[in-house]
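S.K.: Starting from the given sequences, assemble the full structure and let the hints guide the process.
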Amino acid sequence: MNTEQEQPKRSAAEWTTLGIASFILAVIVSLVGYIWLNEKDQPPIISVSNKQKTWEADGQFYVPFEVVNTGGETAESVQLIAELEIEGKVTQTGEQQIDFLSRGEKQEGAFVFNQDPRKGRLTIRVGSYKSP
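Mapping to the working numbering: the sequence shown position 56 is 113, numbers consecutive.
Just so you know, these hints were derived from the structure itself, not from any lab. Among the hints, a few may not be true.
To be verified - With a cut-off of at most 30 Å between alpha-carbon atoms, the simulated DSS-like pairs for lysine-lysine come out as follows:
id	residue 1	residue 2
1	Lys163	Lys110
2	Lys187	Lys163
3	Lys108	Lys146
4	Lys187	Lys108
5	Lys108	Lys176
6	Lys176	Lys110
7	Lys163	Lys176
8	Lys146	Lys110
9	Lys108	Lys163
10	Lys176	Lys146
M.R.: Okay, here's the thing in structure tokens:
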């Protein structure tokens with residue numbers, strides 16, 4: 058008497074499903090490995106620029122800015138400082154606080170002055186940030 062039972066042969070649908078599942082698993086493992094190997098291990102690199110034109114409304118002058126984190130880590134409490142210098146003297150300053158700026162993230166805002174920044178020299182810079 059034969060106690061071994063014969064295994065039924067797999068159908069084409071079963072082989073196809075196995076192939077697709079194996080392919081998806083291989084793609085996921087490859088992507089995780091790629092990200093792990095190529096992950097930037099550097100601190101936040103934060104830059105600020107005023108790409109748009111200054112505009113005026115109700116006697117106030119608005120200076121739009123964009124801040125970008127191109128580094129590898131997140132930055133918290135990013136402090137932006139703007140100084141308006143007219144005729145060699147700093148006449149106005151402004152500060153902005155960005156709570157959270159992750160890798161590759163951009164944020165926009167505006168500084169508001171009561172003197173025309175186009176008549177002087179405006180400096181916008183990053184003052185500080187915190188690591189989470």
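S.K.: Decide, hint by hint, whether the structure agrees.
M.R.: Structure-based check of each hint:
Note on Lys163 and Lys110: the hinted pairing holds, with a Cα-Cα distance of about 18 Å set against a maximum of 30 Å. Pair hint Lys187 plus Lys163 holds up; C-alpha atoms about 17 Å apart against a cutoff of 30 Å. Restraint check: the Cα-Cα separation between Lys108 and Lys146 comes to about 24 Å, which is no more than 30 Å; the hinted pair holds. For the proposed pair Lys187 and Lys108, the alpha carbon gap of about 25 Å is at most 30 Å, so the pair holds.
In summary, the hint linking Lys108 to Lys176 is supported, as the alpha carbons are separated by about 18 Å, within the 30 Å threshold. With a CA separation close to 14 Å, the supplied pair Lys176 and Lys110 stays within the 30 Å bound. Distance restraint check for Lys163 and Lys176: the Cα-Cα separation of roughly 28 Å lies within the 30 Å cut-off, and the hinted pair is therefore satisfied. For the hint linking Lys146 to Lys110, the alpha-carbon distance of about 23 Å falls within 30 Å, and the restraint holds.
With a CA separation close to 13 Å, the supplied pair Lys108 and Lys163 stays within the 30 Å bound. Proximity of Lys176 to Lys146 is assessed by CA-CA distance (about 12 Å); at most 30 Å being required, the pair is judged to hold.
The structure fails none of the hints (numbered hints given earlier).
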